Amino acid sequence: MSGFRILVGCKRVIDYAVKVRVKPDKTGVVTEGVKHSMNPFDEIAVEEAVRMKEKKLASEIIAVSCGPQQCQETLRTALAMGVDRAIHVITEPKEYESMQPIHVSKILSKIATEEKADLVIVGKQAIDDDCNQTGQMTASLLDWPQATFASKIEKSNGDLSVMREIDGGLETIKVKVPAVLTSDLRLNEPRYATLPNIMKAKKKPLVTKKPSDYGVDITPRQEIVSVEDPPVRQAGQKVESVEELVTKLKEAGLV
Amino acid sequence: ACIEPRSLEELFPNWREMGAPLKTEVKEDKFSYLTEKARIPIPVLPGMPMSNHGNYIVRLGNVVRWLGEQAEALGVEIYPGYAASEVLFHEDGSVKGIATNDVGIHKDGSPKETFERGMELHAKVTIFSEGCHGHLAKQLYKKFDLRKDCEPQTYGIGFKELWEIDPALHQPGKVEHTIGWPFDNNTYGGTFLYHLDEGPLIVVGIVVGLDYKNPYLSPFREFQRFKHHPSIEPLFRTGKRIGYGARALNEGGVQSIPKLTFPGGCLIGCSPGFMNVPKIKGTHNAMKSGMLAAESVFDLVTDEEKVSQSPTAGLEPVKYEENLKNSWLWKELHSVRNVRPSFNTSLGTVGGVIYTGLFYWIMRGKEPWTLHHGGPDNAKLKPAKECKVIDYPRPDGVVSFDLLTSVALTGTNHDHDQPAHLTLMDDSVPVNHNLAIYDGPEQRFCPAGVYEYVELEDGSGKRLQINAQNCIHCKTCDIKDPSQNINWVCPQGGEGPAYNGM
Numbered sequence: 001m002s003g004f005r006i007l008v009g010c011k012r013v014i015d016y017a018v019k020v021r022v023k024p025d026k027t028g029v030v031t032e033g034v035k036h037s038m039n040p041f042d043e044i045a046v047e048e049a050v051r052m053k054e055k056k057l058a059s060e061i062i063a064v065s066c067g068p069q070q071c072q073e074t075l076r077t078a079l080a081m082g083v084d085r086a087i088h089v090i091t092e093p094k095e096y097e098s099m100q101p102i103h104v105s106k107i108l109s110k111i112a113t114e115e116k117a118d119l120v121i122v123g124k125q126a127i128d129d130d131c132n133q134t135g136q137m138t139a140s141l142l143d144w145p146q147a148t149f150a151s152k153i154e155k156s157n158g159d160l161s162v163m164r165e166i167d168g169g170l171e172t173i174k175v176k177v178p179a180v181l182t183s184d185l186r187l188n189e190p191r192y193a194t195l196p197n198i199m200k201a202k203k204k205p206l207v208t209k210k211p212s213d214y215g216v217d218i219t220p221r222q223e224i225v226s227v228e229d230p231p232v233r234q235a236g237q238k239v240e241s242v243e244e245l246v247t248k249l250k251e252a253g254l255v
Numbered sequence: 001a002c003i004e005p006r007s008l009e010e011l012f013p014n015w016r017e018m019g020a021p022l023k024t025e026v027k028e029d030k031f032s033y034l035t036e037k038a039r040i041p042i043p044v045l046p047g048m049p050m051s052n053h054g055n056y057i058v059r060l061g062n063v064v065r066w067l068g069e070q071a072e073a074l075g076v077e078i079y080p081g082y083a084a085s086e087v088l089f090h091e092d093g094s095v096k097g098i099a100t101n102d103v104g105i106h107k108d109g110s111p112k113e114t115f116e117r118g119m120e121l122h123a124k125v126t127i128f129s130e131g132c133h134g135h136l137a138k139q140l141y142k143k144f145d146l147r148k149d150c151e152p153q154t155y156g157i158g159f160k161e162l163w164e165i166d167p168a169l170h171q172p173g174k175v176e177h178t179i180g181w182p183f184d185n186n187t188y189g190g191t192f193l194y195h196l197d198e199g200p201l202i203v204v205g206i207v208v209g210l211d212y213k214n215p216y217l218s219p220f221r222e223f224q225r226f227k228h229h230p231s232i233e234p235l236f237r238t239g240k241r242i243g244y245g246a247r248a249l250n251e252g253g254v255q256s257i258p259k260l261t262f263p264g265g266c267l268i269g270c271s272p273g274f275m276n277v278p279k280i281k282g283t284h285n286a287m288k289s290g291m292l293a294a295e296s297v298f299d300l301v302t303d304e305e306k307v308s309q310s311p312t313a314g315l316e317p318v319k320y321e322e323n324l325k326n327s328w329l330w331k332e333l334h335s336v337r338n339v340r341p342s343f344n345t346s347l348g349t350v351g352g353v354i355y356t357g358l359f360y361w362i363m364r365g366k367e368p369w370t371l372h373h374g375g376p377d378n379a380k381l382k383p384a385k386e387c388k389v390i391d392y393p394r395p396d397g398v399v400s401f402d403l404l405t406s407v408a409l410t411g412t413n414h415d416h417d418q419p420a421h422l423t424l425m426d427d428s429v430p431v432n433h434n435l436a437i438y439d440g441p442e443q444r445f446c447p448a449g450v451y452e453y454v455e456l457e458d459g460s461g462k463r464l465q466i467n468a469q470n471c472i473h474c475k476t477c478d479i480k481d482p483s484q485n486i487n488w489v490c491p492q493g494g495e496g497p498a499y500n501g502m
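Line order of the protein sequences matches chains A and B.
Heads up, the first sequence is in full-length UniProt numbering, so the first residue is 1 and it goes up one at a time.
Heads up, the second sequence is in full-length UniProt numbering, so the first residue is 1 and it goes up one at a time.
In isolation and in its complexed conformation, chain A is listed as follows:
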């Protein structure tokens, strides 16, 4: 289908294998110098978009990332995977710390309109904040249908048939295009960004914009009060018999 354009959101997050540390002043986690990579669910979103292009179901893919300068590395990976061009919406590192899904979804919806996107795919949630909100908010701002937790996407004529992962099992729904999709783990296995493709990605267009270019105000609407380590697990007690267990539970006022 000619002229079908996909917009993919790529968030730069702390790499999933890194041990996260809380800052001594409890205002957040240490990010300086820590290994970052693309949010794994966003990698899956990029992969799905690239596959659709390879199947000639899409003609152009645009990747977007909001954040500091280093987000360009994340976009470079997306370009190496097969995305055609990238938009980096740049923010100061301090502003990025307080950026929330509401801000990102406003930016994504503005870009979707400007770029005349037919489909927006984002990861279902980011592994740093686990918000699971951006996709849904973007759909609402655009007044587009949404299909979240997608584990299979099929396109026929102007409709998408999406299989969703839900609590009870799998649900298949039909959505009309344009729509917003969020990718779940089993949607696909992302390809590697190979070295020749990383080199070629340097030549693909990457533009830098500011949130104000889209009329979006990223003043924080939430204040982080404190960030703390989860409490250290307390040692348990071993009991010798069921009677002892019941006694101890009664003593603790739990029974």
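It is worth saying that the hints were derived from the structure and are not from the lab.
Just so you know, not all the hints are guaranteed correct.
What the hints assert, rightly or not - Once the Cα atoms are required to be at most 30 angstroms apart in a straight line, the calculated DSBU-like pairs of lysine-lysine come out as:
1) A:K152 / B:K319
2) A:K202 / B:K279
3) B:K112 / A:K56
4) A:K174 / A:K200
5) A:K152 / B:K112
6) A:K19 / B:K23
7) B:K124 / A:K203
8) B:K319 / A:K202
9) B:K23 / A:K204
10) A:K35 / B:K30
11) A:K94 / B:K23
12) A:K35 / B:K366
13) B:K279 / B:K259
14) B:K30 / A:K19
15) A:K116 / A:K56
16) A:K23 / B:K240
17) B:K319 / B:K385
18) A:K53 / A:K174
19) A:K203 / B:K107
None of the values given here were measured: they were computed from a predicted structure.
Take the given structure of chain A and dock chain B to it, following the hints.
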């Protein structure tokens, strides 16, 4: 790390203005001999290699990152996360370049859906700088017989932890080195503790010579018990460990430096090995070797006459080795050549200290003889039945820790569904040889818990389990395996430890 800024000054004379992260000048320099409970100071006289006047305590990872930024600003293309796994050769036998490894291969060797072939990179000259015990250098030594006129390289394993401590105990600029406890007199080892002028951070670690003889020795557990020494334990009791890592380092000095050039390339840095052992510093020499190589390679590839006269398609930068041997690097290494081997006599550590004090300080390496290392590290291990089991104390979880908690701090990760990158030449050797004669020393010298001898399901004996995912790429197993059966190859690019400013 405590580094000598000599090479940095030569490379970037205005490194201070450029913002190089060398923030902590050494203010206090202490050297001591430890016993289990006491600390006996040994005076550090100016001129001794362990004198650190003029040096800087740094987080070396951050210095390297800064150097990378300078290189990129000058137009160098750097591709992190892609591993050079194979050397390529022209038909005339000279080096043509390297190839990165294929990715997307199942554990059994079959290709996944995401399989991608690696990429070949060709060049007139390839400079190999893999650090201590490079896997490609290993192939090059064989192919070009580069080691025929030198002794085998000898190594140490270095451990490092980064700690946040109580600001009241923090003394930025303080450098402490020790020898003695917890090592016995016949094991080469020492420790370091540096206070950085940031955080309230300190770096603490040990180095154990890999020529140790007792297969029951666990370098990791020596490190953990060292921190309980009464003179330093208080630092850790109220502190928080935020980093852990380990790496092999070269100790062979001048006696173990191979031929550095070959048709199509050359070796620089800790790969051939330029560490000054008594100074415990090698970065300034590694940098200098890189600078000398760059200059000779540049002169070579831009000289049309030399290029056309080259007997092979890959060019050999012979001037690099000549210039290196005429530089301060060689003079420095030559002067300290006898210090490390002096620890190998029956007088052990005490002998080494006496030799260094007497001969080095007085003669500065001008003595006419050159001591030898006495063979490769992997041949030094004694059979288990001739040695005593070492009873290490249990980690307390505050000052000392168990291995797996420590490995988690390295952020190391490998895709579990790929062929293990720790390969065995012969699968029967670990149980029949390493376990039978040496009680499986790889269980103890690996700083990441990769090697485990587990019971077979039918109870008929044991097998070696290789937990390749834990690997932190230190290369110790490739060096110390008494049967030299373990061959470290490159895992997929982008995998391995994710140290941050260590």
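Against the structure, the hints:
1. Between the alpha carbons of K152 of chain A and K319 of chain B the distance comes to roughly 61 angstroms, so the proposed pair goes past 30 angstroms and is violated.
2. Using a Cα cut-off of 30 angstroms, the hinted pair K202 of chain A and K279 of chain B is violated, with the two alpha carbons roughly 43 angstroms apart.
3. At roughly 23 angstroms between alpha-carbon atoms, K112 of chain B and K56 of chain A fall within 30 angstroms of each other, so this suggested pair holds.
4. Taking the CA atoms of K174 of chain A and K200 of chain A, the gap is about 37 angstroms. The hint is violated against a cut of 30 angstroms.
5. A hinted pair counts as satisfied when its Cα atoms are at most 30 angstroms apart, and K152 of chain A with K112 of chain B qualifies at roughly 20 angstroms.
6. With a CA separation close to 26 angstroms, the supplied pair K19 of chain A and K23 of chain B stays within the 30 angstroms bound.
7. Note on K124 of chain B and K203 of chain A: the hinted pairing holds, with a Cα-Cα distance of about 25 angstroms set against a maximum of 30 angstroms.
8. Distance check on the hinted pair: K319 of chain B and K202 of chain A sit about 36 angstroms apart at the alpha-carbon level, beyond 30 angstroms; violated.
9. Note on K23 of chain B and K204 of chain A: the hinted pairing is violated, with a Cα-Cα distance of about 39 angstroms set against a maximum of 30 angstroms.
10. For a cut-off of 30 angstroms, the pair hint linking K35 of chain A to K30 of chain B is broken: about 35 angstroms separates their Cα positions.
11. For the proposed pair K94 of chain A and K23 of chain B, the alpha carbon gap of about 24 angstroms is at most 30 angstroms, so the pair holds.
12. A threshold of 30 angstroms between alpha carbons decides the hint, and for K35 of chain A with K366 of chain B the separation of about 47 angstroms lies outside it, so the pair is violated.
13. Using a Cα cut-off of 30 angstroms, the hinted pair K279 of chain B and K259 of chain B holds, with the two alpha carbons roughly 24 angstroms apart.
14. Taking the CA atoms of K30 of chain B and K19 of chain A, the gap is about 33 angstroms. The hint is violated against a cut of 30 angstroms.
15. For the suggested pair K116 of chain A and K56 of chain A, the alpha carbons sit about 18 angstroms apart, so the restraint of at most 30 angstroms is met.
16. The hinted pair formed by K23 of chain A and K240 of chain B meets the criterion: a straight-line CA distance of about 12 angstroms does not exceed 30 angstroms.
17. Restraint check for K319 of chain B and K385 of chain B: the C-alpha separation of about 51 angstroms exceeds 30 angstroms, so the hint is violated.
18. Proximity of K53 of chain A to K174 of chain A is assessed by CA-CA distance (about 20 angstroms); at most 30 angstroms being required, the pair is judged to hold.
19. Of the pairs offered as hints, the one joining K203 of chain A and K107 of chain B is violated, with about 35 angstroms between alpha carbons and a cut-off of 30 angstroms exceeded.
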